[in-house]
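S.K.: Spelled out from the first residue to the last, the chains are:
4 protein chains.
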Amino acid sequence: MERLNVGLIGVGRIGRLHAEHLAYRIPTARLIAIADVDEAAAQACADRLGVREATADHGALLKRDDVDAVVICSPTNTHAQLIEESAAAGKQIFCEKPIDLRLDRVDAAIAAARRAGVKLQIGFNRRFDANFRRIRQAIENGEIGKPQILHIISRDPAPPSIEYVKVSGGMFMDMTIHDFDMARYLVGAEVEEVYALAGVTVNPEIGAAGDVDTALITLKFANGVFASIDNCRQAVYGYDQRVEVLGKKGSIRVDNNYPNSAVVSGAECVARDLPLNFFMDRYVESFLTEMRLFIDAVLKGAPVPVTGEDARAAMLLALAARKSCETNRPVRTSDVVCAD
Amino acid sequence: MERLNVGLIGVGRIGRLHAEHLAYRIPTARLIAIADVDEAAAQACADRLGVREATADHGALLKRDDVDAVVICSPTNTHAQLIEESAAAGKQIFCEKPIDLRLDRVDAAIAAARRAGVKLQIGFNRRFDANFRRIRQAIENGEIGKPQILHIISRDPAPPSIEYVKVSGGMFMDMTIHDFDMARYLVGAEVEEVYALAGVTVNPEIGAAGDVDTALITLKFANGVFASIDNCRQAVYGYDQRVEVLGKKGSIRVDNNYPNSAVVSGAECVARDLPLNFFMDRYVESFLTEMRLFIDAVLKGAPVPVTGEDARAAMLLALAARKSCETNRPVRTSDVVCAD
Amino acid sequence: MERLNVGLIGVGRIGRLHAEHLAYRIPTARLIAIADVDEAAAQACADRLGVREATADHGALLKRDDVDAVVICSPTNTHAQLIEESAAAGKQIFCEKPIDLRLDRVDAAIAAARRAGVKLQIGFNRRFDANFRRIRQAIENGEIGKPQILHIISRDPAPPSIEYVKVSGGMFMDMTIHDFDMARYLVGAEVEEVYALAGVTVNPEIGAAGDVDTALITLKFANGVFASIDNCRQAVYGYDQRVEVLGKKGSIRVDNNYPNSAVVSGAECVARDLPLNFFMDRYVESFLTEMRLFIDAVLKGAPVPVTGEDARAAMLLALAARKSCETNRPVRTSDVVCAD
Amino acid sequence: MERLNVGLIGVGRIGRLHAEHLAYRIPTARLIAIADVDEAAAQACADRLGVREATADHGALLKRDDVDAVVICSPTNTHAQLIEESAAAGKQIFCEKPIDLRLDRVDAAIAAARRAGVKLQIGFNRRFDANFRRIRQAIENGEIGKPQILHIISRDPAPPSIEYVKVSGGMFMDMTIHDFDMARYLVGAEVEEVYALAGVTVNPEIGAAGDVDTALITLKFANGVFASIDNCRQAVYGYDQRVEVLGKKGSIRVDNNYPNSAVVSGAECVARDLPLNFFMDRYVESFLTEMRLFIDAVLKGAPVPVTGEDARAAMLLALAARKSCETNRPVRTSDVVCAD
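Chains as they are written, first to last, in numbering that gives the first Met the number 0: chain A, 0 to 339; chain B, 0 to 339; chain C, 0 to 339; chain D, 0 to 339.
Everything labelled a hint here was simulated from the structure, so no lab data went into it.
For clarity, every value in this text was computed on a predicted model and none was experimentally measured.
Check each hint, because a few of them may be wrong.
Note: identical chains are not told apart, hence a pair may lie in one copy or across any two.
[Claimed, not checked] Listed below are the simulated DSS-like cross-link pairs for lysine-lysine, each with C-alpha atoms no more than 30 angstroms apart in a straight line:
{"#": "1", "residue 1": "K62", "residue 2": "K299"}
{"#": "2", "residue 1": "K247", "residue 2": "K145"}
{"#": "3", "residue 1": "K165", "residue 2": "K248"}
{"#": "4", "residue 1": "K247", "residue 2": "K322"}
One chain only, chain A, in its complex shape (with noise of 0.2 angstroms):
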């Protein structure tokens, strides 16, 4: 059996989860070094994995003629100059999202992976969720028919920091563009129209910030499906990913997964435990999914499911939405332009 021969960049939470699946749930795949600033923690999660190196010098990662692919998982910020270092060094890129908050940076990475003809794919996991490729697949296989309305419900357990709030590049760019992609892949067509209420319903610390924790965006598609994505920042109940489709020959809609299906009947209500209760718990397969995916995609040759082009259509969304909410109109995606 070929294996893929991997390094990886970042060891904060979803690198240290994706480390995990490289090292025990992928078979094709052979994690062999691991970079991070934080040399310990390199090192830590080295030893807990039983990968041979580990080093706070992602350039020496890079330079490594064994490493075939990489998978970066520093911070944001990192994420464009990452991915230009390791183009130049012919390896296969898997990155987190987003590329960056610039348009200009999204643009010269994704130019400069293609130009050194290597694999570039996003991390967009949601994807790969049961119940939404289930969807997907409805809406592929003709299923529901042509789609009409399309509604996201993405809320989260709890806000994050303010300090973390304050470098996310807002909720548009940080959240939301989950949802831009989750609904750009759904309906497999372009948005042209954007228009975003939001608000600060959560902690007014956020707007203190200049940022919003609650939105209600409708978005207008190329093919003629209307789209609402409902966002808040805090779902006191937990994680709430719930997604519906109307089309002409019916509907499909995912519910929450849940820890356990058990309904107890007591003498107040009839209950059952709250769903998962956030991304580690209810996308742990999608993100195992999605990586396999990679391993597979570079192993083969083949397309990787989720591109640069798609990471930097989300952050278009993005930035209308963003536009929209200042000048509180429509905002037209053609009409964006880098300085948004």
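Since the structure of chain A is already known, use the hints to place chains B, C and D on it.
M.R.: Chains B, C and D only, in chain A's frame:
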């Protein structure tokens, strides 16, 4: 037991339903006269329900001293006139929605009832549906905390005839108006701004008739709540009437009503029967409840649960939605004027 | 429209419900006389429903020539006698279950009706519940193939008073009898053998009164189907009435009925309101339907949907269950004799 | 991190699953040797998982000093012998169920492990399923009060081959044994009496082979709980594994697991995909958990969660069920003797 003597005008589908409720299901009401321009239809209905008087002349009905209240179920374009005549005759009034398609006519009808000191209740029956009442109750008693986002899905099983579409006043006035009322009822506040995406996805003839059949509308309430309304003139699986609300302490959602709870597991899928098909089945209880509450309000001298002002407010939202559609921008309700 | 003149005997809870249905909800019935040993109760009910005749003497009611049919809702120990008197008076008969607690009395009552050539329908109302009818329909139309295993769960929200328990004939005869009828109705075959586990888990006073309050009963049908019946006099979450059937081509199951479909997601759990609490709420439609079908059957000269023989068969199962309990062995229905 | 060296015997379907878990999913285990009478199969499995040693001779595996524990996944008729040999070699033991089809052989194997002072865990993996654990938790923490009635539904998607049926020990020993264990696990008490209705409704060849394919079994526990077990070798809609318990303070029930939560509303019905088809999909997590707990128990010197005595107790119930079937009477577990 005191009983209220009622005359009913218009024995179309909804008129016959109200007549049956008044005759058989509301012990405190006594249906004593029925009018319809089609005298044979009036007579047939009267015979079936044991009502003594049937006439083609609603004026004769209004002249009867023993008629305490009238229930107006005639075509929309007669509502305002009949409200005014009934008010002039001193009758208590229940009138189907909408009062009129013109704002000035609505205002005149409301004023007439007020001047005459008679009650005027409008037939927004869905407020009395057990599911939606449960949502209102959850909001009122603080069960889900302060509301943040509301979603209404409201789809018909099949579009009406093109003839009906042409005289309907347009989808916003004919269909969405129920949802506008529902939004105001549930949130308990007024809408400041409306943005409507609308188009034709069901039947091009509806477009040719100058109307739309599919819409995604967003509302911004004065208290900061955001709402979406999803309308489609056709859902092949039947009548789709669902609502959900996110609040700071939780969320509540209601599903469609089904003819039974049976789940059949077969070799292909796990299935249940389609939801109740249309409003006569789905809302049969709410039609009964609204009439019971009207009779009660009159007998007890209490306020009616849905006023003419409520009808006007919903209509204003329909006008704003239409204007938003035409201009492709959000429209403030305060900017809607009579000429809209 | 032909209408059937009906006299009603016994205005306890269920009698008042039938009276209201006959007076208001069934256009082809005319309730003309009410009898109850408590004459004031009879009179109050008659007044409320606009019925002309109220009497303490059921004999007077039976003597009226204009009474076509009687509805017997008096205490169980009077049923057989009243059936015989009604039959002798040539009246069509609807009687609440059970006919009697003694098999020979049941047989005599059935024979009396047959000799007199009058119809006799017994009040196994649950057959007309939309959920259970849907199961019967699935079996009849082959939707789930040949039935193999049936499960009935039938639990009350709270036990009756000890006074009631003492005269009830025992749980099998009083409560399970509905489930025995349901099992026969759904499977469409006869039971050959009964095994009953029963005990006291709810209230020791029920045990002291010589009865049980909890049971798990298995049935073996002549056509090879196995069935279980789960009974408990108390389920703290309310009335629990569920059924499921496994067949060779699929399975079907029905859930409880709820006052609304609202789901509240809070910080502790995802909850819905308790199911409808007891039979007056859960089975209100089935009580109406059974009476409509009785009136229909008489007016059209058609067979009644639940016969005296059906009541006898269900009773035989109750006797077998009691004997099984006493002897701790399976009991063949063919071995049940009058003395049991 | 301390790691336990494990040898595995038998690489059939379940053996390969355990091997993969030991190799990749349990960081505290190290799979170092694989034995199977089919040496090529052992070698293929070892190659795939990077295990150094593969052999046709389990004796060689047991002789290795570096093997701390063995996982026995060979055919049932070898289990008791392998337990005894492993115990004699001082290995910790995990063995698939059942230990043996003869009670005296079971007792001997348990005694051997006890004498050798090694742990013996039996593969009743369903105890570790999230749904069933949630029920056990609800009972343990008093959430539903004292249990009164338990229902287990356990149906396979399709019957095994006739060849398998002939050597399976019969449905009670092969299939129901999981449910007997589940009943004991959930109720936390011992069964006093068993009554089994069983027959052939799926495939006459199963009957011709002397076995049954459909059963409805009732259990009477020493603590007064009643239980039913519904077994069928074929449910056309897939693997049906549901449980519910009524307790004095409430009830709890769990549903099947589904590949996704998608609900498709079409023109014919509202449908979802079939449940996960069989145990390798449905119970994949519980297989992993049981092995993790075994490794943990050995490393920490803690008791194993499912003992040989548990396996014996479940087997006793299977024997009682068989005897009940043959005699058509309830059988007390205390009356089951070795010769049964």
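S.K.: Checking K165 and K248: alpha-carbon separation at most 30 angstroms within a copy, between copies, both or neither?
M.R.: between (45 angstroms within a copy, 26 angstroms between copies)
S.K.: Give the relationship of K62 and K299 under a CA distance limit of 30 angstroms: within one copy only, between copies only, both, or neither.
M.R.: within (24 angstroms within a copy, 43 angstroms between copies)
S.K.: With identical chains treated as interchangeable, where does the CA-CA distance between K247 and K145 reach 30 angstroms or less: within a copy, between copies, both, or neither?
M.R.: The answer is within: 5 angstroms in one copy meets 30 angstroms, while 36 angstroms across copies does not.
S.K.: If the cut is 30 angstroms between Cα atoms, do K247 and K322 qualify within a copy, between copies, both or neither?
M.R.: Between copies only: 27 angstroms across, 33 angstroms inside.
Going through the hint list in order, the structure satisfies each hint without exception.
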